[in-house]
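J.: Protein chains in written order, with the working numbering: chain A, 1 to 293; chain B, 1 to 293.
Some clues are possibly wrong.
[Unchecked claim] Computed footprint of chain A on chain B; a stretch qualifies when at least three of its residues, placed anywhere within it, have a C-beta under 8 Å from a C-beta of chain A:
# : stretch
1 : 153-163
2 : 210-216
3 : 235-248
In case anyone wonders, no lab produced these hints; they're calculated from the structure. Note that the Cβ used here is the ideal one computed from N, Cα and C, for glycine as well.
Protein chains: 2
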Amino acid sequence: MDEFTLAPDPDDRRLTEEVRGTDHTGAPVDTRVVVERPLTLFLNSREIVTMMTIGDHPDHLAVGYLLNQAMLGPEDEITGIDYDEDLDVVVVRTAVETDFEDKLAKKTLTSGCAQGTVFGDMMESFERVRLDPAARLKTSWLYALTAKINTAPSLYLAAGAIHGCVLCEEDRPLVYMEDVGRHNAIDKIAGWMFRNRVGPEGKIFYTTGRLTSEMVLKCVAMGIPILISRSGFTAWGVELARQANLTLIGRARGQRFLCLAGAERLVYDIDPAAVPGEAKRHRRKGAEADDAA
Amino acid sequence: MDEFTLAPDPDDRRLTEEVRGTDHTGAPVDTRVVVERPLTLFLNSREIVTMMTIGDHPDHLAVGYLLNQAMLGPEDEITGIDYDEDLDVVVVRTAVETDFEDKLAKKTLTSGCAQGTVFGDMMESFERVRLDPAARLKTSWLYALTAKINTAPSLYLAAGAIHGCVLCEEDRPLVYMEDVGRHNAIDKIAGWMFRNRVGPEGKIFYTTGRLTSEMVLKCVAMGIPILISRSGFTAWGVELARQANLTLIGRARGQRFLCLAGAERLVYDIDPAAVPGEAKRHRRKGAEADDAA
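One chain only, chain A, in its complex shape (with noise of 0.2 Å):
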């Protein structure tokens, strides 16, 4: 697969608005945000959720948050997916309707850049998964990674305010979604695997945030086993990957990163002093979102 088959398009003016603003002057400053707006995912007839979303590929996005509900199974078949840009509506239509109202019952709020919502059977699909021991991650990778993907023509570089997930495999960044919740990022990608039938077979996670506990659920719930980004950890983040056997890297900036869990998958075959720094105008500062200092 190709480097970034799928990328930000910072151009798609839909995704960001001029705004006038008033700087530390006093002068006025036309600046560019990004948009959300509102995405109602309907499951077959039962309306599901209004989310706030940027608003670009709205099926990944539809299907990725039914995936990591556990609303919508890996053996669930997808008959149709109906998108209504004026309605804000996102239809989702499987040939068995779906059960999925006792998920609904108990809720767990997650911390952190969430969704919010850690549904029973996601704890419970978490203790069955089984990542694979076999996956290796070369540092070379890591490092070649990181350079491109904060590199690449982005929103956040755009108009800043937003997160990033990037799908990989070995030293090439495959898929890079960007939302302004960054479940929303990670839903567009697990929404993209399904519908593409793209495993998570020698795949590396990375995102522009935090370890959290609720990150860490859903990497294991795709069942990729390496996880990397330039942010902090917390504490039950780095637990529940030791306790997943995933390879949980955070902190990585330039020649630096840390790994809490799963080290026993870091193949250490470049020598860090050849890692060329990163130019200050390519630091990702969203990407350093709650980093220890």
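Since chain A is already given, all that's left is putting chain B on it; use the hints.
T.: Just chain B, lined up with the frame of chain A:
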């Protein structure tokens, strides 16, 4: 009221945990990470939700959550708050049982670092709120606040991966709350204000995070007319701020800031050139989450 009447306690050992990891050279490293622990909230006899929080101020968090979810109104009398540290349970008791079932019917997931759900009548109350048009923000206050907040001891500086919110008055930070989920930090402040009968008059709200729709909605719901962040904006956040006549200031760092709504409350009483830059070690990278480059 004194500066930092309430402030983070980085030395509270319950809030961080030391974990061992492996760095980019393959060397073992010990680092501190912020703890997330579950807190199950009951309103009277009804279980509402389980939140993930760092666990300080469960009482303020519980009340603030109920207020910001409109499950509790200013008119409701709290007769007791019981917190069981072993069970991670907090129970808020009210004189009159509140009924909010209908509020749970229609929900909208917000983007950004959101608990995730804004109930129908949060938007309704948004329509009703009148923010004080006479409130003012001197730029000298803004510079003093950001300097004091950035240099105050915090879990962010100690362990990262955490968000902060600060209730301020003129040039004084009054209450500084942090949590893994920014929505928790906001709710803790809302709870503290309610329980200490501190009103929004003359208050200024500071957040380390992005100025999303949810941040604006919550600030307006709290009746605070001025919202400041070092981070970036979203289009809907700006639109809502303009509707509510909220003064919205983002990208506030060093001498610079950008006001995208309610600029008429600004009083330029100091020459930005006279404002010292920020020492690198005090730059709140976490606060730069998603900020435009």
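J.: Now tell me if each hint is right for this structure.
T.: Status of the hints after comparison with the structure:
{"no.": "1", "hint": "153-163", "verdict": "holds (count 7)"}
{"no.": "2", "hint": "210-216", "verdict": "holds (count 4)"}
{"no.": "3", "hint": "235-248", "verdict": "holds (count 4)"}
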